[in-house]
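Novice: Residue strings, one per chain:
There are 2 protein chains.
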Amino acid sequence: MTDPVTEDREQGQTFMPKFDAAGLLTAVAVDSADGSVLMLAHMDAEALAKTQETGFAHFHSRSRGRLWMKGESSGHVLQVQAILVDCDQDAIVLQCVPAGPACHTLAPSCFYRRLEGGKLIRI
Amino acid sequence: MTDPVTEDREQGQTFMPKFDAAGLLTAVAVDSADGSVLMLAHMDAEALAKTQETGFAHFHSRSRGRLWMKGESSGHVLQVQAILVDCDQDAIVLQCVPAGPACHTLAPSCFYRRLEGGKLIRI
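Protein chains in written order, with the working numbering: chain Y, 175 to 297; chain Z, 175 to 297.
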């Protein structure tokens, strides 16, 4: 059985993002052209609001402890076309048009290696 | 400039997963048929090892504080075909063949709603 709050969170129309103890939710940026995963980062309420307001992906840097817009220095911004929300509302998918390589290493995606036999193989 | 450890982590062949303070990394399960995002969950070292050992996705439940195999009660397991690792090795993508709906709500994916005008619309 599902309690009414969980039922509402999972089936309802009300957006009630569930931030974790650090005030963050996980965001997966995917390329809206082919659905491939570009990068993963975290958002606090401020980053989420900025993303919705501007249409460009903003995140909260855990290492730097601040808001950042993806591409703010490189120019490789992510234009957000749609935001999908998961069942328990603690994770979102950003369907994006990337303005360049999504990874700071200049790879198109951060996921450029496959684990094979304990080794990482570039794909 | 990139320091040698970071350089090795980002460009090398050595798998050195970077678990967070809680001992977890983030795993994004995608459908290997079309690349769509199915679900997002967390793995500790044990869950990662079990996934590699068995070929079925295992996670660490933060709420229940234990290892679980996705589908252990529903039968809706995720057969892992490949594991991709991101630049800083704190997130992975699991390319999976799902044995049924990936979401516990019986939706094919946990991301079954789109945020539109502040409301969640079922897709």
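Where hints are given, some of them may not hold.
A pair holds if it fits inside one copy or across any two, identical chains being indistinguishable in the list.
Only pairs whose alpha carbons sit at most 25 Å apart, straight line, appear in this in silico DMTMM-like list of lysine to aspartate or glutamate [to be verified]:
1) LYS224 x GLU181
2) LYS192 x ASP218
3) LYS293 x GLU246
4) LYS224 x ASP177
5) LYS192 x ASP208
6) LYS293 x GLU184
7) LYS192 x ASP264
If you're looking for bench data, these hints aren't it; they were derived computationally from the structure.
Just so you know, these numbers come straight off a predicted model, no measurement behind them.
Novice: All hints, please: hold or fail.
Specialist: Each hint tested on the structure:
no., hint, in the structure
1, LYS224 x GLU181, "neither (28 Å within a copy, 32 Å between copies)"
2, LYS192 x ASP218, "both (10 Å within a copy, 21 Å between copies)"
3, LYS293 x GLU246, "neither (33 Å within a copy, 29 Å between copies)"
4, LYS224 x ASP177, "neither (32 Å within a copy, 32 Å between copies)"
5, LYS192 x ASP208, "neither (28 Å within a copy, 28 Å between copies)"
6, LYS293 x GLU184, "between (39 Å within a copy, 13 Å between copies)"
7, LYS192 x ASP264, "both (5 Å within a copy, 21 Å between copies)"
Going through the hint list in order, the structure does not satisfy hints 1, 3, 4 and 5.
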